[in-house]
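Novice: Based on the hints, put chains B, C and D in the right spot on chain A.
Residue numbers (UniProt numbering), protein chains in the order written: chain A, 1 to 260; chain B, 1 to 260; chain C, 1 to 260; chain D, 1 to 260.
What the hints contain is simulated information worked out from the structure, not anything from laboratory work. Just so you know, these numbers come straight off a predicted model, no measurement behind them. Backbone N, C-alpha and C fix where the C-beta goes; we use that ideal spot for every residue, glycine too. Misleading hints may appear alongside valid ones.
Unchecked claim - Here are some of the chain B residues that sit facing chain C, going by a computed Cβ distance under 10 angstroms: (1) Q89; (2) R110; (3) Y113; (4) P141; (5) V142; (6) P161; (7) N180; (8) G182.
What the hints assert, rightly or not - No more than 20 angstroms apart at the CA atoms, straight line, and that leaves these computed lysine to aspartate or glutamate pairs for EDC-like: (9) K5(B) - D219(A); (10) K124(C) - D219(B); (11) K246(C) - E179(A); (12) K5(A) - D219(B); (13) K245(B) - E68(A); (14) K5(D) - D219(C); (15) K246(B) - D108(A); (16) K5(A) - E68(A); (17) K124(B) - E179(C); (18) K246(C) - E121(D).
Claimed, not checked - Each pair of labels, with its calculated beta carbon distance range: (19) F79(A) - E28(B): 55 to 61 angstroms; (20) L29(C) - Q89(D): 42 to 48 angstroms; (21) F79(D) - G97(A): 36 to 42 angstroms; (22) Q244(C) - Q244(B): 56 to 62 angstroms; (23) G151(A) - Q244(C): 38 to 44 angstroms; (24) R14(B) - K23(D): 54 to 60 angstroms; (25) R32(C) - R48(D): 47 to 53 angstroms; (26) L29(A) - R14(B): 24 to 30 angstroms.
4 protein chains.
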Amino acid sequence: MRQDKLIVAGREFRSRLVVGTGKYPDLELTQRAVRASGAEIITVAIRRSNIGQNPHEPNLLDVIPPDEFTLLPNTAGCFNAQDAVRTCQLARELLDGHDLVKLEVLGDARTLYPDIPATLEAAKRLVADGFHVMVYTNDDPVAARRLEELGCVAVMPLAAPIGSGLGIQNRYNILTIVENAGIPVLVDAGVGTASDAAIAMELGCDGVLMNTAIAGAKDPVLMASAMRQAVAAGREAFLAGRIQKKRFAEASSPLEGRFF
Amino acid sequence: MRQDKLIVAGREFRSRLVVGTGKYPDLELTQRAVRASGAEIITVAIRRSNIGQNPHEPNLLDVIPPDEFTLLPNTAGCFNAQDAVRTCQLARELLDGHDLVKLEVLGDARTLYPDIPATLEAAKRLVADGFHVMVYTNDDPVAARRLEELGCVAVMPLAAPIGSGLGIQNRYNILTIVENAGIPVLVDAGVGTASDAAIAMELGCDGVLMNTAIAGAKDPVLMASAMRQAVAAGREAFLAGRIQKKRFAEASSPLEGRFF
Amino acid sequence: MRQDKLIVAGREFRSRLVVGTGKYPDLELTQRAVRASGAEIITVAIRRSNIGQNPHEPNLLDVIPPDEFTLLPNTAGCFNAQDAVRTCQLARELLDGHDLVKLEVLGDARTLYPDIPATLEAAKRLVADGFHVMVYTNDDPVAARRLEELGCVAVMPLAAPIGSGLGIQNRYNILTIVENAGIPVLVDAGVGTASDAAIAMELGCDGVLMNTAIAGAKDPVLMASAMRQAVAAGREAFLAGRIQKKRFAEASSPLEGRFF
Amino acid sequence: MRQDKLIVAGREFRSRLVVGTGKYPDLELTQRAVRASGAEIITVAIRRSNIGQNPHEPNLLDVIPPDEFTLLPNTAGCFNAQDAVRTCQLARELLDGHDLVKLEVLGDARTLYPDIPATLEAAKRLVADGFHVMVYTNDDPVAARRLEELGCVAVMPLAAPIGSGLGIQNRYNILTIVENAGIPVLVDAGVGTASDAAIAMELGCDGVLMNTAIAGAKDPVLMASAMRQAVAAGREAFLAGRIQKKRFAEASSPLEGRFF
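Chain A on its own, in the form it takes in the complex (with noise of 0.2 angstroms):
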């Protein structure tokens, strides 16, 4: 498995798994749980984030060093585009021209769900300036290859609703994703536990992120454990090639055609 590397914009990673900070108590967590978890990339909401905007105030940075973490500023919070893209170059002036980001362009208070048109139109204006944009969507498979076609360099499909817990709603349509992508896929909102994460790496996704399945849990730093190891678990059940699901050991019944 030395080989099994995520690779985003260019970038080469040995972990799929990618958190986030928010929603912790204090700075000395959010580093636990993120060591724990054994994640790369660090997605951080440069809207409700310190990492660098108030010089007296403690910085992310020092928990999460850049040079040891991959950072992904987001726009989290943005509701249009304009604030979107102006949220990503505030965050490449912070951060000395990082040009890797995750773009949210929220439609709704209330689900967080994505508006798909101002998306569309921030990744646009994003890639045209020159940013490696992974971007947020919804389970929708015509919009993911949309902001493929566009040049984001990944779709992050919701499986349920920011801090649900859910889990994946539905796995055709990520299933749908993955088979059309020729970019990574990485699952993004809705995660809930360990199986959540596992299932969407059995479905071929090239990763998943989460923050409140972590940060929201009893013990953050003993989840940020079993993340890590259900993505991995996860990943390597889809390359080993599962069985096929039969109704019983010797019998060939189908299970197609059925009223479930």
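Specialist: Only chains B, C and D this time, still in chain A's reference frame:
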């Protein structure tokens, strides 16, 4: 996590994954998959495996040395209590008094579901005869409790039919069995992929037993590794305390009382 | 569809919905809900209902006249074979030799799951005593077949715990029971809403029994009407032969061998 | 229930089932199935059906008379906004000014999922041109709300890919669309059997549209009857107020916060 041990009949185990040795093309692959799984308890179908009955044929114990692994002789292929009891007694003789066995009394050649009345009878006789009985059962909480009352050291409810790979069909039943049990509960049969194993552990099971899911995978050694990590991931997620499911991050919308 | 009849113990019924009479605030609502359900077989908990035992109290038979409905006395509340047998005998006396009964022997006050060994014993004794026994059981195909072999006239596997409203938890088991059975199979317990009843019928069941789902609805009479139509809809869909499931309209993409 | 009407664009309907006319071997069977369904709104693929364009061929309107049914011309087969708009205009001419249409702009020939940006554009133009637009969309709540804001008279989210028969894949999304909507929501596409239709109605949808599930059944006329009753059953169950799901009859064990 160093303290988290599976304890069965007074024996302590670090691994919560129990694997079988059937369906491999040769003993060399059996050994490699078993080692990759990290399992410490290895179940052996006495009626189908050579552990010394046939002195001139390859002996399974050469690749699964009893001083390194805990062997768990099982009664696969027995369709009545008498056969199952005798098979356990034969195993005890062949293994120099080894008294930890896995009882299964099948009720049906198609489903390979247990015959519960015959299982109860065999369990009673084996316990009286000094065996430590881990027992394959269906997912009926009443049967599971009865088997515990008879003195079994672990109950092993099926997730789905043996060899089906369908995963846990009735999570509520498994959860109820776990809640009721004073002895270890290991899901046995029906696991198909890594996430299935993780789900079993997240429900609070003490372990998972599988054979076909590993031996029947395209790459059994890699799948064994996946399962090792999936069981650990599910266990840690269970201990870490997952976030509650909710429809949306902010909303307090309850999930109950809905049509699903 | 005029010819499609449910036949139990030689009696013919147009309706495939069996309803209970418990949990209603008064007999008037009981009657209205029963009539709206279109049910012809009405099950009555002998230990909880007055069908003549208490001459000075309201008699259920006044609103469910035995010349219009087929009464199905049941042994709800019995936790051993002896009590169940005696309850059936009492019912037969009260109902002038009526010999069609629904046997349930409970194994657990929390789950209300059946005690299978005790159910087998009671069934044997009731059959020997001349009863026509419809029997509540768990969803174990082996137990269901055994009960048929003992001479029961219908098997009634649970969908989920009595009163839970969870719907069918293990469709494979119900399907297997249906495939194996030479006598009618009626899902009993756990139905929560109309689609649950339709699903049971689509699996090939011969009928559905429910009480709480109707009596506990906000509008029991309207829910009874919903259930009447749902059972008919599910039955017709089963007979009509549904389309095969496939991932896409045109594609021949198989559903098997996937991770779900 | 006499008062329970579906109201679309000011027109009242007793039936909440909308059916298509494609995939039947002949017009006679089309007519019989349509009548058995009880549907009052019949959708017609303008690009595939003869409603007068070819005067010398059998005319669909002979078996679906416009004075008896409400025709709903649809734009099946259109892959861009321009084609869809023109198809609606053609339908209006052929049908003497009939302005109720079903818009679909496809984004993908494999999934037949909608192209949301093109659907938004076409909806805008059709509304401006005086059409009453019922619109096929994916199950994204943000897209559904946007289409309502543009002036559509009904949103029609897919349950699963057209012709797949998979049933509702994401109940949460359909529920959210229903909760948000001020106009009727009809599930469109993906229904396979009667229970799927009932589930859609139990989620609070105002109606269901289907074609393949009926036309592709072994007995389309019987399946049409099943669907008629399933939609009615689901609607009544929704209005009747189902019991809450719980793990056990007596227990107050909550379902939330579990691993499933």
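Novice: Please go over all the hints and tell whether each is borne out by the structure.
Specialist: Hints versus structure:
Restraint check, Q89(B) versus chain C: the minimum CB separation of about 25 angstroms is more than 10 angstroms; hint violated. The interface hint given for R110(B) holds, since its Cβ lies 8 angstroms from the closest Cβ of chain C, which is under the 10 angstroms cut-off. Contact between Y113(B) and chain C, as hinted, is supported at the beta carbon level, the nearest pair being about 5 angstroms apart and thus within 10 angstroms. Checking P141(B) against chain C by beta carbon gives a least distance of about 6 angstroms; that is within 10 angstroms, so the hint holds.
A cut of 10 angstroms between beta carbons decides the hint on V142(B): the least distance to chain C is about 4 angstroms, and the hint holds. A cut of 10 angstroms between beta carbons decides the hint on P161(B): the least distance to chain C is about 8 angstroms, and the hint holds. With a least beta-carbon distance of about 9 angstroms to chain C, the hint placing N180(B) at the interface is held under the 10 angstroms criterion. Violation of the interface hint for G182(B) is found here, the shortest Cβ-Cβ separation to chain C being roughly 15 angstroms, above the 10 angstroms cut-off.
In summary, the hint linking K5(B) to D219(A) is supported, as the alpha carbons are separated by about 19 angstroms, within the 20 angstroms threshold. Using a Cα cut-off of 20 angstroms, the hinted pair K124(C) and D219(B) is violated, with the two alpha carbons roughly 50 angstroms apart. Taking the CA atoms of K246(C) and E179(A), the gap is near 16 angstroms; set against the 20 angstroms cutoff, the hint holds. For the given pair, K5(A) sits about 19 angstroms from D219(B) by alpha-carbon distance, which is consistent with the 20 angstroms threshold.
For the suggested pair K245(B) and E68(A), the alpha carbons sit about 33 angstroms apart, so the restraint of at most 20 angstroms is broken. The hinted pair formed by K5(D) and D219(C) meets the criterion: a straight-line CA distance of about 19 angstroms does not exceed 20 angstroms. For the hint pairing K246(B) with D108(A), the CA-to-CA distance comes to about 17 angstroms; that is within 20 angstroms, so the pair holds. About 17 angstroms separates the Cα atoms of K5(A) and E68(A), which keeps this hinted pair within 20 angstroms; it holds.
Pair hint K124(B) plus E179(C) does not hold up; C-alpha atoms about 32 angstroms apart against a cutoff of 20 angstroms. Of the supplied pair hints, the one linking K246(C) and E121(D) is violated, its CA atoms being roughly 31 angstroms apart against a limit of 20 angstroms. At about 60 angstroms, the CB distance of F79(A) to E28(B) agrees with the hint of 55 to 61 angstroms. A hinted range of 42 to 48 angstroms for the beta carbons of L29(C) and Q89(D) is inconsistent with their spacing of about 55 angstroms.
Checked against the hint of 36 to 42 angstroms, the pair F79(D) and G97(A) passes, with Cβ atoms roughly 41 angstroms apart. Separated by about 38 angstroms at the C-beta atoms, Q244(C) and Q244(B) break the suggested range of 56 to 62 angstroms. A C-beta distance of roughly 39 angstroms is found between G151(A) and Q244(C), which places it inside the suggested range of 38 to 44 angstroms. The given range of 54 to 60 angstroms is respected by R14(B) and K23(D), whose C-beta atoms sit roughly 59 angstroms from each other.
Look at R32(C) against R48(D): about 48 angstroms separates their beta carbons, and that is inside 47 to 53 angstroms. The hint said 24 to 30 angstroms for the Cβ distance between L29(A) and R14(B), and at roughly 27 angstroms that hint holds.
Violated hints, listed in ascending order, are 1, 8, 10, 13, 17, 18, 20, 22; each of the other numbered hints is respected by the structure.
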